[in-house]
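Here are the chains, one letter per residue:
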Amino acid sequence: MTFRSAALPTRVCENCRSMLVRTDDGVGIAGEQAALPFDVSPIQIGTRGQFAGRGFEVIGRVRWSWTDGSWNEWLCLFEGDRHGWLAEAMGQFMMTFERDLAGMASDELNRIARGSPAIPGRRAMVDGQEMTIADAREVSCIAAEGELPFVAPPGWTIYSVDLRAPDGRLATLQREGDQAWFYDGRYVTLADLKATGLRAIEGWAMPQYG
Amino acid sequence: MAEAPAAAALSCPNCGGTITLRAAGHSVTVACEYCASILDVSQPQVRLITRYREKTARLAIPLGARGTLDGIEWEMVGWMARSDSGYPWQEFLLFNPYHGYRWLIEQRSGWSLGEQLTLTPTGGSRGLVVDGEEYRPFFANGTARVDDVVGEFYWRVRRGDVVRTDDWVRSGAMLSREADDREVSWSRSRWLPRGTVEQAFGVAGHGRPWPPLPHQPSPAYPFLKRAMVIAAVAIAALILGAIMNAGGRTLWQGYADIAADGREQQITVGPIELTRPRQRVRVVAEVPALSNGWVDLAYTLVDRSNQASFTASKAAERYSGRDSDGAWSEGSRGASADFAALPAGSYDLIVDYKGNKWVDPSRAGGGSSFWNSAPDDDGQPDWRRDSTAPRVEIAVISRTGTGFGVFFVMLLLVLAPLGVALLIHAQFEHARRAESDFAPTSDED
Chain B
1 MTFRSAALPT RVCENCRSML VRTDDGVGIA GEQAALPFDV SPIQIGTRGQ
51 FAGRGFEVIG RVRWSWTDGS WNEWLCLFEG DRHGWLAEAM GQFMMTFERD
101 LAGMASDELN RIARGSPAIP GRRAMVDGQE MTIADAREVS CIAAEGELPF
151 VAPPGWTIYS VDLRAPDGRL ATLQREGDQA WFYDGRYVTL ADLKATGLRA
201 IEGWAMPQYG
Chain A
1001 MAEAPAAAAL SCPNCGGTIT LRAAGHSVTV ACEYCASILD VSQPQVRLIT
1051 RYREKTARLA IPLGARGTLD GIEWEMVGWM ARSDSGYPWQ EFLLFNPYHG
1101 YRWLIEQRSG WSLGEQLTLT PTGGSRGLVV DGEEYRPFFA NGTARVDDVV
1151 GEFYWRVRRG DVVRTDDWVR SGAMLSREAD DREVSWSRSR WLPRGTVEQA
1201 FGVAGHGRPW PPLPHQPSPA YPFLKRAMVI AAVAIAALIL GAIMNAGGRT
1251 LWQGYADIAA DGREQQITVG PIELTRPRQR VRVVAEVPAL SNGWVDLAYT
1301 LVDRSNQASF TASKAAERYS GRDSDGAWSE GSRGASADFA ALPAGSYDLI
1351 VDYKGNKWVD PSRAGGGSSF WNSAPDDDGQ PDWRRDSTAP RVEIAVISRT
1401 GTGFGVFFVM LLLVLAPLGV ALLIHAQFEH ARRAESDFAP TSDED
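Quick mapping for you: the protein sequence lines, in order, are chains B and A.
Read in order, the letters of the first sequence correspond to residues 1 to 210 in our numbering.
Read in order, the letters of the second sequence correspond to residues 1001 to 1445 in our numbering.
These aren't lab readings, by the way, just hints derived from the structure by calculation.
Some hints could be false.
[Claimed, not checked] Short, incomplete list of chain A residues facing chain B, as computed with Cβ under 10 Å: (1) C1015; (2) G1017; (3) L1021; (4) R1022; (5) G1100; (6) V1184; (7) S1187.
Yeah, the Cβ is synthetic: ideal placement off N, Cα and C, and Gly gets one too.
Start from the sequences and build out the full structure, keeping to the hints where you can.
See below:
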């Protein structure tokens, strides 16, 4: 069992679906992953691409669900051991990077991070840009694969808030208990990412973005 | 690496029919293509939401049909019949695993291709701006209702769902806002020229949409744009040609003295060379000294080679005086005579002319007295004697240009198709705007 990224502690074994966690003492088993339901995503572990001039490779995935559907979050390992998330929902792609919530200086976001409910339609200033709360809901992990920065057991539920700006920028605030994480990014297309190593899907011509 | 399968199969918990799931992982709702029941496929265990036992509608594009638009292949995965206050349209959801979703929208046999926007339009001076293009408001406060549904969708859908809609248009594209209590979504649809969808999906062709769709480009507009430029160039050329040909070329110019006694006179001038086979010629005469009199002018052009002759005549007459209404004058000191079509050749021009004095009948004889030496001297001024060397100035001009009649016929020929196109355009735009919730604007782009 190899870990691709020195910074990522978790890996799902593709043979037994055990969740392996790296600690100072070695590798331990944190539980069992569920099987991923079938989907027709064009992304797979090993897909490569470029974003903002830097190459990345997809090394992990978490599949989330909410009451009205489910979506994929693909973990992208960038050159220099940085990572981002390529979200795939409703046939659209979004690339986001985790940022320190304290640095956002956003009263609205801080209130939500401390436990206030997010109200869709409300505005929040983020980095001096006005963003709109598009959605707020409980989401649960269905399954995961590959390497991950955290243990994502099936059924793990968090509160997730999506924000949108008119120019295509988007952000997500996730909250679990008194902890909160903030992800900032924008809409992309596979063509924008110059994606290669896409998953071959029977009966469909694979686009060449090399 | 082995290809992943493109579809999953599930069986309808209501009718047991085998349903093909073509966008597995995305789809949330399936309307069974056999019994129309609404199923929830968001979880591994398929759940029945609403039971129907109906034969589903026969679709213009069947589920699973594929077609290529702009070089990308799409598969039809879902269909909705929608309406707003009795105005129906239908929407076909298209899917490609690499390119996501698009919408084919059909209304009054006109088709559009729509996609969800990932950015929000911004306010412009007269509407909304997306990607630097401005859209004008067209429909406001609509309600779009789902009347019927077949196939799979990436959100929860059921018959009777209602969203509030607003639409903005520009020629060839429409911007739509759909909102419910939970979220707002923006989409942009592009008008597809007639035959596009018919060709891509093998759909039977229909008539033209009438009234036109809100974002349908006027069929006369591309022609109008080109015709305006062509007409402007043609008219400029016509005017320039008319100006250049208006004067004509002077073939001969000179003068003949007019005798004071008013006898018949003749001069012969030449040669006058005509090189074109059917030459229009004008002889212009001017008698600067003419006053209360006239000059008879008879022209004969004689071809030196065969003595063929052509004649024309014209008098210059000019009168003036004073009566109870004040000073008056009539006639002109100039006269021009035209030869319509002269054969090419070398010509002599013979001018027969005679200067005449007009005798005022009211004063005739009244002024005569015994010391008058000249019997015809009635005491009134005689232009032939009073001016120094009275003469007729003559110019022979070749007229190569087309007449004004021809000019106007050509102008009409240039402008007529433009006028017809303008009428078609105006009628189209009027019908197109008649449906709008906003008063038609006076300006046009």
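Numbers of the earlier hints that this structure fails to satisfy, in rising order: Hints 1, 2 and 7 not satisfied by this model.
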